[in-house]
Each structure stands twice: as structure tokens, then as C-alpha cells.
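Chemist: If you're matching them up, the sequences are chains U and S in order.
Under my numbering, the first sequence has 86 at position 86, and the numbering climbs by one with no breaks.
Under my numbering, the second sequence has 1111 at position 111, and the numbering climbs by one with no breaks.
None of these hints come from the bench; they were simulated from the model.
Just to be clear, a hint being listed does not mean it is correct.
Example chain U residues on the side facing chain S (calculated, C-beta under 10 Å, incomplete) [to be verified]:
#: 1; residue: Ile9
#: 2; residue: Ala13
#: 3; residue: Thr108
#: 4; residue: Asn112
#: 5; residue: Ala114
#: 6; residue: Trp213
#: 7; residue: Met217
#: 8; residue: Thr218
#: 9; residue: Tyr221
#: 10; residue: Gly247
#: 11; residue: Thr258
#: 12; residue: Asn259
#: 13; residue: Gly260
#: 14; residue: Ala262
Label-pair restraints from in silico Cβ distances [claimed, not checked]:
#: 15; chain 1: U; residue 1: Phe223; chain 2: S; residue 2: His1309; range: 45 to 51 Å
#: 16; chain 1: U; residue 1: Ala270; chain 2: S; residue 2: Ile1181; range: 17 to 23 Å
#: 17; chain 1: U; residue 1: Tyr147; chain 2: S; residue 2: Pro1279; range: 50 to 56 Å
Note that the structure is predicted; figures quoted are calculated from it, not measured.
Even for Gly, the Cβ is constructed at its ideal location relative to N, Cα and C.
Residues per chain are reported as follows:
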Amino acid sequence: MNGFEQTLIGGIAGGTAIVIPALGELTSELSGIVNLGTEGCMLVGALGAYAVTVATGSAEIGVAGGAVAGAVFGLLHAYLTIYRKADQLTSGLVIWFLALGITGVLGTGYVNDAITPLPIISIPGLSQVPWLGPILFRQNLLVYAGYILIALMIFVLRKSRIGLLLKATGERPEVVSVAGNHPNLIQVTAVTVGALFAGIGGAQLSVGYVGTWFDDMTSGYGFVAVAVVLFASWKPLRVMVGAYVFGIALSAESVLQTNGIAINQYLLDALPYLVTLIALVIVSRRGGRKAPEALSRALTDVT
Amino acid sequence: MLKKLTFLKKRVLKLFATIGGTASLLVSLASCGTSTASASSSGSATTVGFIMVGSRSDYGYNQAVYVASQTVAAEMSNVKVITADNIPENSSVTQTMQAMVNQGAKIIFATSYGYFPYALKFAKSHPTITVLHQGEYLTGKFPGNFGTYWGEAFEPVSLGGMAAGSVTKTNKLGFVYAFPIPQTIDNIDAFELGAQSVNPKAKTYVVNTSNWCDPLKQTEAASALLAQGADVLSQHQDCQTAVIEAAKQAHAYVVGYHYDASSLDPSGWLTGSVWNWAPLYKSIISTILSGHFKGSKYNANFVGSFAAHDNPLVLAPFGPAVSSGMRSKILAEEAKLKAGASIFKGPIYCQNGQLLVPAGVTPTYAQINNFSCFVKGVVGTIPQG
Chain U
1 MNGFEQTLIG GIAGGTAIVI PALGELTSEL SGIVNLGTEG CMLVGALGAY AVTVATGSAE
61 IGVAGGAVAG AVFGLLHAYL TIYRKADQLT SGLVIWFLAL GITGVLGTGY VNDAITPLPI
121 ISIPGLSQVP WLGPILFRQN LLVYAGYILI ALMIFVLRKS RIGLLLKATG ERPEVVSVAG
181 NHPNLIQVTA VTVGALFAGI GGAQLSVGYV GTWFDDMTSG YGFVAVAVVL FASWKPLRVM
241 VGAYVFGIAL SAESVLQTNG IAINQYLLDA LPYLVTLIAL VIVSRRGGRK APEALSRALT
301 DVT
Chain S
1001 MLKKLTFLKK RVLKLFATIG GTASLLVSLA SCGTSTASAS SSGSATTVGF IMVGSRSDYG
1061 YNQAVYVASQ TVAAEMSNVK VITADNIPEN SSVTQTMQAM VNQGAKIIFA TSYGYFPYAL
1121 KFAKSHPTIT VLHQGEYLTG KFPGNFGTYW GEAFEPVSLG GMAAGSVTKT NKLGFVYAFP
1181 IPQTIDNIDA FELGAQSVNP KAKTYVVNTS NWCDPLKQTE AASALLAQGA DVLSQHQDCQ
1241 TAVIEAAKQA HAYVVGYHYD ASSLDPSGWL TGSVWNWAPL YKSIISTILS GHFKGSKYNA
1301 NFVGSFAAHD NPLVLAPFGP AVSSGMRSKI LAEEAKLKAG ASIFKGPIYC QNGQLLVPAG
1361 VTPTYAQINN FSCFVKGVVG TIPQG
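When you get a sec, could you build the whole thing from the sequences and use the hints?
Modeler: Below, the structure written as C-alpha cells:
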């Protein structure tokens, strides 16, 4: 295995922990609710997945636990912002701090619990494809879930009635209401499903790629997911590019070093952020979707 | 019931009062939830505070501190121990020190490298409080109520390097470290020199993560090293579980650091360097309580060593992969270090061939602490700031 391949293998695996939460945040934001608490939802997802894996011995069941934990926190954010009219940014931060505190207390005992993480599954046939096969198709279950989610998201947003309703809620909730639907209900669902994705992203860290639980183990990657959605101007394909590029650049940081290539320390640390930004600027040249109207209103109303 | 409610209200109000602060403060607050001060004994006892940068159950640097603080509490009847973990290396530590003083603390152990400027400043402004800093080496004048302490960490690390050098098949060892500071550079150099002493072909590949604990980055670093062909991983970060897990999955070996984590990977664990702080903490506290701190060896840069039989960093138990022959060889080397030998005895060359230590010379701790190059045999460069 050469360094280039390793960069991509690690990048896809690590990028999965960004791409799934980013798709979740996209769902949430399209409905008009930004969830800065994505970081917190990832964190409870990571611990939830780990705790359930320790209890059941199955990392696959653990992933479900992580998803539920994330969704519960998303539901809280939805309740605060939609029914209690709390400021979205503040509520998101509260969710994050709450998650930090709760996982800090409950997670203490899990640091020394070893688990068997999600196994690497080689897809027959596809993994034999020269070069790309081992990179894309010798990964764990959640990496494949990420691929499927991307395709599903593109389909839903472009072709389905659900996608239309979601976007309409984010643009003009009144219209959705007049058409006989419940914009609040749609938003609650979107935020909860989004947080569920964030929980799965956390699970990719704890019971997937990393395979251990650690205090604050998301280290700000949830915020990266939120930023990717903004810079990708709410387009799922661009979200995908941004998230994977970030993962690949993160992985490249290590691979460059093991090959003895000297790069300025600060430049190296800024690499994932810089490269992602440049990549998104390039893919966004053709103009993007405007911010969902309800979202712009929610954000500019902040005083 | 009402009393309970008022209490709860107070707690909630306190929580919100702090949420009004800065973002960094909030992080520390969230973690303060995990760091309930633990009182151990009461009466006319002297209160001693321990402040940690990470979680007290990190299976690494901070857990070693916490475990030792609890040993102090259990074994010193005239001492009451309070602890705070997850305190970031910024002004939060000053606030934590003040909070401990408000709780009656007379002695404070600030146990993270980055606490240094805050700890020194706090000592200067609080002459009645004795402040100890773990890890830094002060070159200036010491206030009478301040001291630093550490150990010649590179001694046991070099023994771990021997174990790594003896089992590697690929002659490639991987080392993940946080930041290029004297401590990490010395440890990497000692690890490689130890490995070379039993296997001249052994090379140490290094990756820095610019973070004391970021599991995802550690996993990327470990994966990159394993892909490069490394079959033994070691590390110098605050937390070590992600690197151990990566090695375990790849059936590679591990040399631990900070804390005995052999239970996480019993078959892959070779050995490691683990902190045994309690004897040093007890000695420092006793000196302060007896009133003889000022001018003592602890009112300076105290560095424990094998030779003085007071190194707080010791060799961890061996795992099954280290042969009995190699075990006795390592223990013999440990005995030599205890008799005054040094892993850094010259001649030692930097990667670029420059002479680091001339032949026959044994550098002092201060000189070792100034090493600014990786030795020959290390692959990777020291990142320039």
C-alpha cells in the first residue's frame, strides 16, 4: 500500500464521520433550522453507540444506540427552537454544552472498556476493481451507509414530494401551511432526523474507525460539518465533496509525515480547513442555492 | 422538598452564571461536572489541590495524576485532597486555582505543561500558597513558594525502545506525538537509541498531531504508520487508547506511555513507561508541611532520575511478546541506568549527521532538555513553527 492510497483509505473512513452529520445538518437547515448542536449530537451519538456496544457486544446495534441518542438531543433542539421559539444559535450551543457535560459524566467508566469495532467488509467484485476498489469498497458498514445516504439525499431533494415539502418549509412555511401541511411537524422531523445522522457520525468515530470512547472525542468535527453545509451552499453533492476532502486532508497530514516530508507545522494543521475551503470554492463556481429563506430570517433576526 | 428545590435553583443559577462567560470557560464548566471536588479527610488537615488538563479517567497522563492524588489522600491523614479535571490551558486554570484557595487550599499542583505561566504568576501574587508545576523547567529566579518537578522520562522510554527494537520484523517503529517540545523530542530520541541498542536496523517513524488528545487524528496517524510498515507503535500524548486500538486491529505491538493500559491489548502490549507520582507528591507535601520548602530541592526544578532512585516514571510490566532473554537484558540496562549510566552518552548524531553529543560525554538534564534535533535513525522532521 502506498502513501497515496493510505491517504484516501483513511480519508474516506474519517470523512464519513463528517459527511453523515453534514447531510443531517443539510436536512435540518433546508427546513429552516440551523443546528450548531451537531457537535453535541455527534458526541452523545459516539458515547451512546459505545455504551450500547459494550452492553450488547455488537457494534451494529451500537450504531442504532448512537443514532437514537443523537435524535433525542435533536428533538430537544427542535422543541426549544420551534415550539419555545428559542434563538437557534443559542439553543444549538446549549445542546453542545449539555452533551459535553453529560458525556463527560456518563462516559467516565467507558474509557477502559474495550470493544470489537465495526469490521471491515470487502464488497465482492467491487473491492477487486484496480486502485479504487480497495479504497472505496474495503471499509466498514457506516462508510457504505454514507454512500447510500448521499444518493438517497440527492434523490429525495430532486425528485420526491418529501424533498419538495422540506424545501418549501425552509422557504415559506406559510405556503406549506396553506397547502394543508404542518410546517412545524416537518421541521421537528427534519431536525430530529438530522441529529440522528449526527449520532451515526459520532458512532463512526467511537465504534467505527477509531474504536474507542474518549471524552470530547469529536474535537470540533461537528462544527466542521456545519461549516461544510454553509460553504457547500446547501447542495448534497458539494457537501459530499467538502466532507471527504476534509477527511482526506486530515489523513494526508499524517501520511506526509510518515514519508518524511517536511511542511510548516501551522500550514500542516490548517491543511484540512484550507483544502476544504478551496475545494468548495471551486465546486461552487457555478453558483449555489440561496440560503433557505426561513433560515436567513432566523439568523438575521438575531440581535 | 423546598430546601431541595432551592438547592437545585442555586445550582442552576450557578450554571447559568458561568454560561454567561467565555466559550473556553464554558468548556471547562461542562467538564467541571465531571470533576466534583473530592474531599478525603477533614479536621485541621491541610488542603491540597490537584488540577488536570484532561479527564481523570483517560487511561493516560491525567489518570496517573488522579490515582496518585487519591493515594496521597489515603496515606496522608493530615491532608485533604481536592481535584479538578478537564481544565483548559488558559485563564481557566487561574480561576480554578483561586477557587481552590477559596476552598482553603494551601498547596496547589498544576499538572499540565501549558499551565506554567499561569501557575508562576499565581504563585507570585499569592505568597502564602505553595504552587508546584508539573513538567516545565524554569530558567529564571524561583519565588520562595514555587517549584517545578518532573522525571527523566527518557530513561524508561529508552527501555521501552529496546523492547520495541527486539520484536520488530519490519525494523519500522511508529511514534505518535502531540507537539515538538523538549519532552517529546527527548523521548523520541531515547526510544530510537534504545531500539538501536538491540537492533541497529530499527528506525522510528514519527507523526505529530498538534493536539494532546484527538482520537480521530491519532487513528489517522496510527493508520499512516501501520501502512508505512511499522509493526510497533508508541506514543507521547495525554491519551493513548486510540493508538492502542489501531495497533490491536492491525495485530501490531504497543509500547505504552503514562499509564499501564495492558488490559486494553494484553497480547500486543510489550511494556511502557508509567507514572508513579504518589511518592514524589508525598515527599513534596511533607517538605511543605514541615516548613522547610523554601530553599529546598523542591523550590527549584526538581527532576527525578533512575540514578537518584526517585524517577516518578517507571517501567511497566512486560507483555507476553517480550522474550525472557530480552526481559533480563532490559532489566540489566535499567540497573545500569540506576547506577548512573545514560542513554544519551556520546557520540550521538542528529539526523543530518551533525554531532549532538561528543564521544564520551554524558549530557546534563538541562542539556538534554535543549536537544532540538531527532537522532539518526528517526524518520520524520521536527515541524518548524
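Chemist: Any of the earlier hints contradicted here, and which numbers?
Modeler: none
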